[in-house]
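Start from the sequences, fold in the hints, and give me the full structure.
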Amino acid sequence: MLKQFAMALVSVTTLAGCASTMPMEGGMLDDHATTLTKCGVGNYTFYSLKETCGAPTTAPVAATTTETTPAPAAAAQVSKVATFTGNKIEIADQVTFKTGSAKLTPAGTKVLDEVAKVIKANNSSIAKIDIEGHTDATGNPTKNMALSEARANTVKIYLEKKGIDTNKLTARGFGQTKPKFDPTTATKAQLSENRRVEFNVETTRN
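Under this note's numbering, the first residue of the sequence shown is numbered 339, with each subsequent residue one higher.
Bear in mind the hints are in silico, worked out from the structure with no lab data behind them. Backbone N, C-alpha and C fix where the C-beta goes; we use that ideal spot for every residue, glycine too. It is possible that part of the hints are untrue.
Result set (BS3-like, lysine-lysine): computed pairs, CA atoms no more than 25 Å apart in a straight line [said to hold, decoys possible]:
#1 Lys426 x Lys448
#2 Lys466 x Lys526
#3 Lys526 x Lys458
#4 Lys518 x Lys458
#5 Lys455 x Lys436
#6 Lys526 x Lys455
#7 Lys418 x Lys506
Quick list of the computed label-pair ranges, beta carbon to beta carbon [claimed, not checked]:
#8 Thr541 x Glu498: 18 to 28 Å
#9 Val416 x Thr523: 32 to 42 Å
#10 Val416 x Glu540: 15 to 25 Å
Structure (structure tokens):
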């Protein structure tokens, strides 16, 4: 009766009185490091193969990895000279003309080439571009007004030749009426900035 009781205890999950482990002897197992756990209840001793006495071992939890979404690549810079800012196309260099003329200089055409690149790159966002011509206060105001209008039209025609939709372009001249710097106190460098072409943009979102 006691022998049957001891054998029944082998199948019980939680057992009392755990002892240290020991290797199996007698050639019953292979060469791997298989061990037996020595357990006991009262005066009876038995061995449990691949089992542990006491609380069951917690199953290992698989490691988790967190995937990170790479940041979107930065937009390619279309031009270092011209930049679309939303309501204007800013230019780092002036659109220059021959003195007292509406004829573009080689440097002026290079700037407009960059402006055309920016317009094409943002074409879907641009509804209208108002090209403004401005002069300094030197000379006759009436002649300056006519010169600024002629220069603005020259820019418009050049951009059309570069493939810009003519329906998006308007040209106006303001002469010396809208200076960036007060001509009575402006330095020579500031006066040259009064002679300028500006590109005001109406976007498709407006």
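Going through the hints against the structure:
{"no.": "1", "hint": "Lys426 x Lys448", "in the structure": "holds, 19 Å"}
{"no.": "2", "hint": "Lys466 x Lys526", "in the structure": "violated, 33 Å"}
{"no.": "3", "hint": "Lys526 x Lys458", "in the structure": "violated, 35 Å"}
{"no.": "4", "hint": "Lys518 x Lys458", "in the structure": "violated, 28 Å"}
{"no.": "5", "hint": "Lys455 x Lys436", "in the structure": "holds, 24 Å"}
{"no.": "6", "hint": "Lys526 x Lys455", "in the structure": "violated, 31 Å"}
{"no.": "7", "hint": "Lys418 x Lys506", "in the structure": "holds, 23 Å"}
{"no.": "8", "hint": "Thr541 x Glu498: 18 to 28 Å", "in the structure": "holds, 20 Å"}
{"no.": "9", "hint": "Val416 x Thr523: 32 to 42 Å", "in the structure": "holds, 37 Å"}
{"no.": "10", "hint": "Val416 x Glu540: 15 to 25 Å", "in the structure": "holds, 20 Å"}
Hints 2, 3, 4 and 6 from the list above are not met by this structure, while the remaining hints are.
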